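**Q** Line by line, the protein sequences give chains A and B.
For this note's numbering, add 48 to where a residue sits in the first sequence, where the first one is 1.
For this note's numbering, add 273 to where a residue sits in the second sequence, where the first one is 1.
Hints should not be assumed to be uniformly reliable.
Claimed, not checked - One side only, chain B facing chain A, incomplete, derived with CB under 10 angstroms:
# : residue
1 : 327
2 : 381
3 : 395
4 : 399
5 : 417
6 : 452
7 : 460
8 : 461
9 : 463
What the hints assert, rightly or not - To list a few chain B residues with every Cβ distance to chain A over 12 angstroms, as calculated:
#  : residue
10 : 396
11 : 477
12 : 502
13 : 555
14 : 557
15 : 580
16 : 582
17 : 585
18 : 659
To be verified - Short derived list, chain A residues pointing at chain B, Cβ under 7 angstroms:
#  : residue
19 : 71
20 : 72
21 : 73
22 : 77
23 : 173
24 : 174
25 : 183
26 : 273
27 : 279
28 : 342
29 : 384
In case anyone wonders, no lab produced these hints; they're calculated from the structure.
Note that the coordinates shown come from a computational prediction; the quantities given were computed from them, not determined experimentally.
For every residue, glycine included, the Cβ atom is placed at its ideal position computed from N, Cα and C.
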Amino acid sequence: MKRLLPLGLGLGIAAWLLPYGLDGYAMHVVDVAVVFALLGIGLGLVMGVAGQVNLAQVAFFGIGAYTCAILTTRAGLGFWVAAALALLAAVLIGLIVSIPALRVQSHYLGIVTLGLALAFLNWVTNAGVAGKSEGISDLPVPPMFGIDLSSDYLFYYVEIIVFAIALAFALFVVRAPLGRRLRAMRDDSLAAAALGAEIPLLRITAFVLSGLYGGVAGVLYAGLIRYVAPETFSIANMFLLLAMVIIGGRQSIVGCVLGAVVLSLIREVLVDFSVYAQLGYGTVVVLMVVFAPTGLAGLPALWLRRFRASQGRAELHSFVPYGEARAPEPGRVALEIREVSKRFKGLLALDRVSMTVTDGEIRGVVGPNGSGKTTLFNIVSGFYACEVGRVLLSGEDVTGFRPYRLSQAGVARTFQNLRLFGDLTVRENILVALDRTRTAWIWRYLVRPLAVVRQSRDLGRQADELLERFGLAEFAAAQPRALPYGIQRRVEIARAMAMGPRLLLLDEPAAGLNGEEVRRLAEIVRALRDSGVTVVIIEHNMGLVMSLCDRVTVLSSGRVIADGPPREVAAVPEVIEAYLGESTYLSLPGDVSQEAGR
Amino acid sequence: MSPHKPHRRSHRVWAATAACLALGVLAACSAPGDTGGGASDTGPIKIANVNAQSGQLSSLGQWETKGVKLAIEEVNKAGGINGRTIQLDVLDDQGDPTVGTNLARKIASEGYVAMLGTAESAVTLAMAPILKDAKIPNITSGQSPKLAALKSPFLFLNAPTSVTYDETLAKYLVDTKGYKKIAMISNNGTYGTGEHDAFKASLQTRNVTPLADEVVTPDQKDFSANLTAIRQQDPEVLFIGAEEVESGLIVKQARELGVKAVIAGGAPLGTPVYVTTAGADNAEGSVVSSPYLGNDVNDATKAFAAAYKAAYNEEAELHGAKAYDGAKILLEALKKTGGAGGQALADAIRGVGRNGLLGQFAYDDSGVGVHATQIGLIKAGGLVAEPTS
Chain A
49 MKRLLPLGLG LGIAAWLLPY GLDGYAMHVV DVAVVFALLG IGLGLVMGVA
99 GQVNLAQVAF FGIGAYTCAI LTTRAGLGFW VAAALALLAA VLIGLIVSIP
149 ALRVQSHYLG IVTLGLALAF LNWVTNAGVA GKSEGISDLP VPPMFGIDLS
199 SDYLFYYVEI IVFAIALAFA LFVVRAPLGR RLRAMRDDSL AAAALGAEIP
249 LLRITAFVLS GLYGGVAGVL YAGLIRYVAP ETFSIANMFL LLAMVIIGGR
299 QSIVGCVLGA VVLSLIREVL VDFSVYAQLG YGTVVVLMVV FAPTGLAGLP
349 ALWLRRFRAS QGRAELHSFV PYGEARAPEP GRVALEIREV SKRFKGLLAL
399 DRVSMTVTDG EIRGVVGPNG SGKTTLFNIV SGFYACEVGR VLLSGEDVTG
449 FRPYRLSQAG VARTFQNLRL FGDLTVRENI LVALDRTRTA WIWRYLVRPL
499 AVVRQSRDLG RQADELLERF GLAEFAAAQP RALPYGIQRR VEIARAMAMG
549 PRLLLLDEPA AGLNGEEVRR LAEIVRALRD SGVTVVIIEH NMGLVMSLCD
599 RVTVLSSGRV IADGPPREVA AVPEVIEAYL GESTYLSLPG DVSQEAGR
Chain B
274 MSPHKPHRRS HRVWAATAAC LALGVLAACS APGDTGGGAS DTGPIKIANV
324 NAQSGQLSSL GQWETKGVKL AIEEVNKAGG INGRTIQLDV LDDQGDPTVG
374 TNLARKIASE GYVAMLGTAE SAVTLAMAPI LKDAKIPNIT SGQSPKLAAL
424 KSPFLFLNAP TSVTYDETLA KYLVDTKGYK KIAMISNNGT YGTGEHDAFK
474 ASLQTRNVTP LADEVVTPDQ KDFSANLTAI RQQDPEVLFI GAEEVESGLI
524 VKQARELGVK AVIAGGAPLG TPVYVTTAGA DNAEGSVVSS PYLGNDVNDA
574 TKAFAAAYKA AYNEEAELHG AKAYDGAKIL LEALKKTGGA GGQALADAIR
624 GVGRNGLLGQ FAYDDSGVGV HATQIGLIKA GGLVAEPTS
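With the rest of the complex left out, here is chain B (with noise of 0.2 angstroms):
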């Protein structure tokens, strides 16, 4: 070997480097950027479903996904919109809000006009920024009022925030019914929290200070010493914010602590899954204020409970129904727009007035459609409508 060469060679070497090097400079004068991404004209119309599909949230994000599958597959029935069929592509975002981050970039740089999802509160909270900037419309099944205190043009709510839900609680309870000894228990998940702090302003606004305000996590399991100390304040009313199967358990170990009160709740109390795992006999006389008070209200859930139940051979709830009016309304915004997206489509499911499984849409600036939820009582272990009074 000579001693010339590996001299020549880290010659060369460097001399390659700074060709690189130059080559960097030059590409750097033009800062890089997103070119495509933009949804075709041509082909199917892409909609993103957004939902946890596995972890501690896939059975909600599950409901939510069948309910939209069901109204999109009616529409490609149907002949799809414009002659082009919709394509759903369900996306798992784990529950975890940099996973919904992610995705959120995912939906703005493929092509898809809209997203429908989450179940989760936090990680539609953590996409809602980036799908406002890239003017991509979602319907979320979130309810927690801060998706409303954004007020951001391309985020709609499929059912009302928990301020309406407790709103309409505290007003039967306190003001319909005249109790005044309420005792509270929720768990500190985003849910939880959320009715929570709503319940606790409608009660102030009352007037009303709870007897008992008692924090668990949303996995805890055994409930008796909070619900000991709730027992202590024998109160007539016993707030639960919590998921079904939670509220259930809490209920099961209020009555066999001998707690009597009255048990009141949002959306999961009227589910077929709090009264199970409750028990049905613990579960009697549950107050539930919520939008959909069960599949045989009137002809339209009807029709949507039967469909459910041919297409997945079990009984529609609460969620799905909601996923579904969230894919309903845009869909009928696809059609007006012929299949665009963007800001043509956020304003036309704000012009959606569609009288829903839930309700009447009217969507206000905050992105909220509807405005009002009912009361219903658990009686026989099905949910039943309190006569307006």
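Same shape as in the complex, but just chain A (with noise of 0.2 angstroms):
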């Protein structure tokens, strides 16, 4: 960060003294290219940032125009108080137009949008009071201090003055816990919702920001050209500007600032030959999509990791048990499950299970391939509500619970099929995990950055010991999906425990492993345990559960068939029917049942 800090200043220097090397057309030219530059951001913040598929950007910034031209024009207020309404007005529509994306995701968001975008321009175009097809012209030249704001290269210095908060804001919220969370969010929504993050809070923020950004660039834009017409909001300048944060690359703030300001660059050297520009645009965006999926921004690390492909090999290290142990109070009930059912459609998935798991104990809990094991986590982590009895975690009734206030009540699990944040460092999957802050905790991005500054530095000094505790240190900066299996599982454990929970809930965490690597899990497991976590985990190698675990719980066909410390259940019957003919269930060694099942 430190090493960026000259070239931000070189930059801000050249911004500043650009003016003086242009002529009047080429600062007409810059300016809109700047308002575009906050679209950009906006667009970048929901959609590359958060994963929120936003069509209605270009509304967002009609709004903000049309808002200020209408109350300066018709209602005769000052252009200032007329642009903070606009803004209000802006993040309004923003919060409106989140409302479709708690239901609805990815190209349904996105057919959504571009409908209530259509409808925005549909409204200008007819209201009297939008000045329909002919716009509003004549607005009001912003004042300021006696600058006169009429000539282009003085409104240029409000503009870089307002683009580089803008830019250092959206920097910040996407460096910050916050950014990490949105990212998280779009990279598995389900994952970050079991670590504790309030999905619905965090799309409504990422509409209200680009809502803002909009809006922004709404009012400057009023302030510039003093003049909107519905043609400026039309859906092929969305188009434009999707093109423009596609190119640059739209994970990265900096590259959808680059890809609005050479793409506005461009369009005006194009702009006697539009008709093969529009054709160009479209054909950049696919080899971009194609070739280059994170953009102009994204190529240098594209070379970078090609080039550090040649480099040595990180090590994976053993694990540091936890130091300190919390000795768990006999006979206290961790979780208990009260005859829970679950029906899908036709299928009974659960039917009428109860499970009780003492405090400090390793549970498992196997069965055949849909015995319902995975569905009984569902419902104990908050991803299926159940329609039948009850869950209490500590004796407290958590049942219907969202996942994420089970996160924040103690409950971390890890998935059958892993998954960790693809497009996040190791080191930002363990910090999305250990920020423990509520959602409704933004309000201090805008008042208390240093706040905020300081948490986020706490936050990586815990990161970094918790990886150095389970051996990760060396993958910090690795991203999960270049890393073997083995390495991504450890992974997800790690992550769960940066909650700090009380239950962990483990689903298949051997799977894929090889014979000395679930050793090791074994130690892990058991380490955790001594450290005071209830861990309940959906085991098939039968190995492993039965010289792990205290308990064994077995499911088969959604009910409960039997319920036992390992050595017992294996001798019960109705286990053995069950696993008849699933030899791979029957590895125990040693065991007389291995045979009975061949």
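Please dock the two separately framed chains into a single complex, following the hints provided.
**A** This is the structure in structure tokens:
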């Protein structure tokens, strides 16, 4: 970060001196480019960082510009008062647009937001107050202590100051815990929820931010052009904006700015060949998506990775057990499941399942495929709502809690088929889980940025400790998907432990691990239990279950058919029957049922 | 590596930054501004023609450009002005006001003496304040009353406004023909809205309330819902405020639905595009208010049509004629100023009393030069003048 300071300062000075080298036309083009860059940041935040497909950005832009125009010309308000209200309006519209995002995602969300953008366009073309298709002309020049802002040169300085603040804030948000959470949500909203991210609130936040940036761009546009008309906010311009963000690199704010500026300038150069220009944008977008999905901003990283690939491999170190151990209170119930049933259409996945896990226990849950093990986990961690039955956590009824609330109540889980955040580094994966603040905490980003920085630094220290403990320090900067499967498994357990849970649910943690890795896994799980965490583990590897678990619950066709210490359970006739034909489950060494199974 | 080195380097970086900063403060003492950019007195005289060359309005833009080119080439063939040739640059506004404002700055800073176009009122409206500040005269092909309302001394229209078109039309329909049952259909684009408002206002002064007032969008293709509503009112006249192709589609579908009303509207209804889209039978008898009733009205229009045909191998029409008139007026004014622009050129344009293809030009304060249109009728697929009674 420190290295970048002189670079940023240099760019700032260059931007400050830029007008001295430009003629009036070039100056105006640059002014327009800055407006688009602001829009690009907004779209980058909502689409690139938060992963919400938003085709209504151009409408946020329009709301800002039109509100400003209507309030100054029709209501006679001063420019800056109107501007403040315009920002408010844009944020409000962002809030409204976010409502569908709570229900639908990806391309469905794209269609919904596109519809909202069209509705806006339709409204301004038809509403008398918006000047219909002729738009609103003769907006007042923004007053500024006697500085004549009708000059494009001087207006540029207003723009560049606003832009610098907006860019700094966006970069701050993206790098701060909030941005990490947004990115985690983008990569895997289920896993993010399991780590305590309040997904609905985060989605609203993303749209509000993009509304804010759209509004700022709209206000500056109104002050610059002093004329608004529907064509400016057309779907064609939305596409242009999208092209800017995709070409620049949607996951990087700097990339979005780069894309917006470059494309704005190219657009001016190609103004006399606009038919081909449209075709050109389309082609470039397709090429970018196929060959460089991270855009211009992603190219250096892409090359760097190729360069780094030839360097030495990082090494997985062994786990360092937690020092202090909390003695479990004997007999105290950590998790109680009472008569839980779950039905999927015609299939009864869980049929009055009851189970009691005492504090400090390692409980195994086994059963053939489709017996309802993962469904049970999904109910305990809040992904499914159960129609019948109750779930109690240390005696507290948590039935029907959303995943983030359960996570806050101390439930952590891993997933059968690994749900790490693919575009975040290992360290960031851990950091997402470490951050236990509520999303409502984000007001501090505006009011007390220093508190955020301090918190961020604290989290970083804790993350490094945790990585060290799990022997993952050398993989801190790696992207999880580039790592071997066994290491990814360990990262996921480390991430779950980062939440500081009371109850840890492990869904097939040994799947895909080799013998040595399974042995290490058993060590880690025991150490975690010794540190005071209650563990429930779904596993097919019977050897592991038998040696690791204090008690084992056996599910078959959604019902509990046995419950008790491993040796006892293995002898229950129903269990042997349930396992008939599935020899893999009977890999218990020296067990008689192994022969029976074959 | 010695431990002092990184420190020294960062020190140097800071020194450099401080130096840059000082430079910036020094430079900031004088505010930046546009120094050059004025039109030069030698070399070709630069005129910009701004029109949509791409997008939905491109056909309109291309007609305009053809008319302008024709006028410029005539002058250049005759030796230019004061021995200087006219350089015509066609700039594409894409029908987007934002692009329009960019182009206005370009025109202001790259030495153009005047601008011709655009055909899209919204774009002209966006550009007008910038051109006014830069003292660059603009002869537009837009006809929105809002253009006249700006009262910019540097903005001129090459045709009457919608108010004139529709006042003439209402006068003919209501006062001369005695129709009272009038229905309206118009689109919510700039042109359609202007027509809608102007015609409705003209009806109101005659105490006529339209039976139906349907609003469609510029890219709508199916009007059956709107036309069914209109049919129920059984109007004598159906007024259409829409561009050529859309007008044709509306009339075609209206006749299919059994609407018998007389069709009436502005200039678009006088074009061959309208007649072919609607079908000659359906368009028969349409009442058109237009300053340009066809290529055979007088010697001037015949000469223009012949030249147009020779240059582009297609029939001349209103938009080309409008743009041609505008360009001719500009060139005449340039002759008077000897190629100079600015206030002198604007004054000269105001003084040009050209007897043009669209009528007698006499510019008033609001920049409107032609104040009358004529009534024409579609007969056997062609536009003929309605003899004034």
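**Q** The structure should be examined with respect to each hint, and the outcome stated for every one.
**A** For each hint, the structure was consulted:
1. 327: This hint holds: residue 327 of chain B lies near chain A, its Cβ roughly 4 angstroms from the closest one there, short of 10 angstroms.
2. 381: 6 angstroms, holds
3. 395: Since chain A brings a Cβ to about 5 angstroms from residue 395 of chain B, closer than 10 angstroms, the hint holds.
4. 399: Where the cut-off is 10 angstroms and the nearest Cβ of chain A is about 4 angstroms from residue 399 of chain B, the hint holds.
5. 417: Cβ of residue 417 of chain B sits 6 angstroms from chain A, so the hint holds.
6. 452: 27 angstroms, violated
7. 460: OK, holds: residue 460 of chain B within 10 angstroms of chain A, min 9 angstroms.
8. 461: 5 angstroms, holds
9. 463: OK, holds: residue 463 of chain B within 10 angstroms of chain A, min 4 angstroms.
10. 396: Given that some Cβ of chain A is not farther than 12 angstroms from that of residue 396 of chain B, nearest at about 8 angstroms, it is violated.
11. 477: 16 angstroms, holds
12. 502: Since the minimum Cβ distance to chain A is about 18 angstroms, residue 502 of chain B lies beyond 12 angstroms and the statement holds.
13. 555: Consistent with the label, residue 555 of chain B stays out of reach of chain A, its closest Cβ about 27 angstroms off (over 12 angstroms).
14. 557: Holds: least Cβ distance 31 angstroms, greater than 12 angstroms.
15. 580: Holds, since 26 angstroms exceeds 12 angstroms.
16. 582: 26 angstroms, holds
17. 585: The assertion about residue 585 of chain B holds, with a minimum of 20 angstroms to chain A.
18. 659: Given that every Cβ of chain A is farther than 12 angstroms from that of residue 659 of chain B, nearest at about 31 angstroms, it holds.
19. 71: 5 angstroms, holds
20. 72: 4 angstroms, holds
21. 73: Constraint on residue 73 of chain A satisfied, holds at 4 angstroms.
22. 77: Constraint on residue 77 of chain A satisfied, holds at 6 angstroms.
23. 173: 5 angstroms, holds
24. 174: Result: holds, 5 angstroms to nearest chain B Cβ.
25. 183: 6 angstroms, holds
26. 273: 5 angstroms, holds
27. 279: This interface hint holds because 5 angstroms falls under the 7 angstroms limit.
28. 342: 29 angstroms, violated
29. 384: Where the cut-off is 7 angstroms and the nearest Cβ of chain B is about 60 angstroms from residue 384 of chain A, the hint is violated.
In this structure, the earlier hints numbered 6, 10, 28 and 29 are contradicted, and the remaining ones agree with it.
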